[in-house]
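J.: Start from the sequences, fold in the hints, and give me the full structure.
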Amino acid sequence: MVVDVPLADEAVDELFRALADPTRRDILRRCSAGEPSVSRLAQEYPMSFAAVQKHVAVLERAGLVTKERRGREQLVRTDAGAVGRARQALDELEATWRGRVDRMSDLLAQGTERAKSSTTRGAG
Amino acid sequence: VSVTSVDTDYDELTITLIADFDAPIDRVWELWSDPRKLERWWGPPSYPATVEKHDLSPGGEVVYLMTGPEGDMHYGVWRVTAVGSPTSLEFTDAFADQDGTPIADMPVSEVSVRLTERDGGTRMEMRSKFESREDLEKWLSTGTLEGQQQAVSQMDALLAG
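Residue numbers (the working numbering), protein chains in the order written: chain A, 1 to 124; chain B, 1001 to 1161.
What the hints contain is simulated information worked out from the structure, not anything from laboratory work.
In this text, all values refer to a predicted model and were calculated from it rather than measured experimentally.
We treat Cβ as the ideally placed atom computed from N, Cα and C, and that holds for glycine.
Don't take each hint at face value.
[Said to hold, decoys possible] Partial pick of chain B residues on the chain A-facing surface, computed with a CB cut under 7 Å:
| id | residue |
| --- | --- |
| 1 | Ser1002 |
| 2 | Val1006 |
| 3 | Leu1031 |
| 4 | Trp1041 |
| 5 | Tyr1047 |
| 6 | Ser1112 |
| 7 | Val1113 |
| 8 | Leu1136 |
| 9 | Trp1139 |
T.: Here it is in structure tokens:
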């Protein structure tokens, strides 16, 4: 008997469920910037170790992170290859510079406003 | 809004960004050459920058400090390699200790900036390059303050859509 299960859709559901929670998104962010242990992650949130462990388990089921035991610690890392990480770094560098350009633009606009207001005659 | 284009080259580990500002070249140059102005845009709002040393001449250094929400301090240093006021600037940007000495084994990026006049405003072309993938990875694990905020908000947008 063949049961036609749309596996892809289930995987997508899992992924979105995993990402729907702000704590899990934050855990993911921390794991993409390093390889924190579960206990170190637990220190970052006002919740129990067990609760953090559950969040990590949800991310793991969605294929977003993997856990690796090292000594007495369980390290959590995003499940992406080196190329993916380089890509992510460049994307973040891009975001950094976009932010800088936005602030430069704001500063230049502020200067213009001041210059304008000092020479404004009447309305308009 | 000012960013006209961004070209990310994943093989060359380079980002080329073009931005158009509605201001004359001299004013855009001041954002780089005046330390009080530079510190108002270099760091993201949650990690404001303080420029402690600012010598924009070939061989000169710019030492800056970024302070995080928990009082965490991150020093960085530019080593200026070329300056053509008010239209060009090249430097390396490195993580530093509080004396402005680059920290060994931390990622270094090469930045070059060109300003040209365009339609009464200024076009800025900025190129940032990493030496190696290893540098990029290290940078990712240390200095991605702003990018992460953005990445998270993009995720939020994805979920909302």
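J.: Would you mind marking each hint as holding or not holding in the structure?
T.: For each hint, the structure was consulted:
1. Ser1002: holds (4 Å)
2. Val1006: holds (6 Å)
3. Leu1031: Interface hint status for Leu1031 of chain B: holds (5 Å vs cutoff 7 Å).
4. Trp1041: Hint holds; Trp1041 of chain B Cβ to chain A Cβ min 4 Å, cut 7 Å.
5. Tyr1047: Interface hint status for Tyr1047 of chain B: violated (11 Å vs cutoff 7 Å).
6. Ser1112: Hint violated; Ser1112 of chain B Cβ to chain A Cβ min 13 Å, cut 7 Å.
7. Val1113: Check failed: Cβ of Val1113 of chain B comes no nearer than 11 Å to chain A, outside 7 Å.
8. Leu1136: holds (4 Å)
9. Trp1139: holds (6 Å)
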